[in-house]
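Letter by letter, the chains look like this.
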Amino acid sequence: MSISTSIWVWMAALLTLMVYSFLYKDNPFYRLAEHIFMGLSLGYTLTILWYNYIIPRVYEPLFLPPHQWSLIFPILLGIMTFGIFSKKYSWLIKYPLAFYVGGYAGLRIPLLLQSWIIRQVEASFLTPDKFTSLMSSINAILIFAGLFATLIYFYFSKKREHGFGAAAQVGIVFIMVAFGAAFGYTVMARISLLIGRMQFLIHDWLGIM
Amino acid sequence: MILLLALAFSISAKDTPDDGGGSITVNVYNIPEGTARIELSRLEKGDMLYKEAGLIPIFKGECDDASVVDGIGYLYRGKAIAKDTFYIAEMEGFVTSSPQWFNKSRITVLIFLILFGSVVLTYIQLAKKNPEGLFIRKLPALDAIDEAVGRSTEMGKPVLFVPGLEGITDAGTLASLTILEMVGKKVAEYGSRVIHPNFDPIVMTTAQETLKTAFAEAGRPDAFNKDDVFYLTYEQFGFAAGVDGIMLRERPGAIFLQGYFYAESLILAETGYSIGAIQIAGTNATTQLPFFVAACDYVLLGEEMFAASAYISREPRLLGSIKGSDLAKVVLLFMIGAGVIFGTIAGIAKQGGNPTYMQIFNKMLEFLAKGAK
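Chains as they are written, first to last, in numbering that gives the first Met the number 0: chain A, 0 to 208; chain B, 0 to 372.
Think of the hints as simulated: they come from the structure by calculation, not from any bench.
Please note that a few of the clues may not be correct.
Unchecked claim - The calculated lysine to any residue pairs, modelled on SDA-like cross-linking and capped at a C-alpha distance of 20 angstroms, are:
1) 328(B) / 114(B)
2) 158(A) / 141(B)
3) 328(B) / 125(A)
4) 157(A) / 138(B)
The whole structure should be built from the sequences, with the hints applied where relevant.
Right under this line is the structure:
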């Protein structure tokens, strides 16, 4: 056993234990770790924004040769967002927001349409090649039925009555099965994170393993 | 090594179609047998020497040179290297790259976009004329808002509203602000308090205005405390730790987790559960829904959040979008149903010796696949 002599490893280990103490109940150690984390993260984000965005993307291209004057337009749009902090100029934020939302929608909508709608429609067609074996046949029918029932669940223009309500109930069953699988998969990934932290404590800090 | 100018081995290049420029597609043909690799080099117009431009995968016989500058002419040379020899293929004329205004490979997307867009716009116009005439069913989680705020007030505890970790441009955040308005009105009516920690500064100022309006509309503008809507941090788990701390210290009776969440969703929902608060979650982040379903009392699943937002506000644009997307779902269901029936008929006809229907069906699939690329 060789306990680490690095001050950083000790700090990381103690902060880890402080955060885990929350599993027992809220206590001053957890609160200390929480406030250190929040303060550090805020300071860190500001530093990152300053050195990775403001300096290389605003200051340097604008004030150092060759000056990229065309950047004035996006920079002005950015400055206009600060208008929200003033009652008199709060309307200014509408312009950068409109620009941002418009550009974002233009980029995202075609992509979502491709991957979430057209691809799904194409994949849910029951073609003869999907019935090559018993398992693939069951799979194809399940996907088709699941998609059908789930779409009905998310139909809001009709009351859930009679057959429509029953189809929506089938839809929620499919949704819950999918959620259960996703939940289990993510919990497994979280356990691996816990194992990583334990390895850090036992190996890097205490030097046992 | 012996230099062989093989006539059969040839190379061609053209501007990469349907792209934003800066790329030339190079093809090689009749790759000699025994070739181990094909080296690509290019000559820039005005230069004297060829420069290396990467390797061409043998199995494909094609590669995109994405390191070119638009408007400059390039000449390509391929060198197929075999065990004891190599072969050279050269182009005759220069080729230049340029961006295209229209991406023809996405024509299917454009058609779908125009179809769905027109449906939504039509419904928005209808909703503007008569918003009450468009029916949207009420969601159980909306009734629960009353119950949650009421219970919280009876217990003498505040209400906590977390708007997620996305900015004001996210549809989930916008929907969460509409729900916040409804929560704010109930809180003001019942004389309770709402705590609203924020991840994004612009969402914070918008939430302040939303709550201020909600309190004023409920006839209690004096009860609104601007300091209850505050900024925490822009770091995901820093924010999660902060909200957890608030939950433990303030012990809210009702927690609303509405907006776009990431991996912190389960941490927040579990802490809320541990303090016994009634939790109403809603998110358009499908990956986080399972955690909310597991740990919260009521959940607005994905699009339900937008439907709830449209139901509360009766805002024509929201109503029109929901009604439009409902019609789009019906169209999609019919498309899928028709595709299944037609595919089955085509399969049977093909087995009976008539491949025409299958060819039409395959063309249809090709059209969809074009949009799915």
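Results for each hint:
Among the hinted pairs, residue 328(B) with residue 114(B) is consistent with the structure: their alpha-carbon atoms are about 12 angstroms apart, no more than 20 angstroms. Among the hinted pairs, residue 158(A) with residue 141(B) is consistent with the structure: their alpha-carbon atoms are about 16 angstroms apart, no more than 20 angstroms. For the given pair, residue 328(B) sits about 18 angstroms from residue 125(A) by alpha-carbon distance, which is consistent with the 20 angstroms threshold. Taking the CA atoms of residue 157(A) and residue 138(B), the gap is about 12 angstroms. The hint holds against a cut of 20 angstroms.
When each numbered hint is compared with the structure, no violation occurs for any of them.
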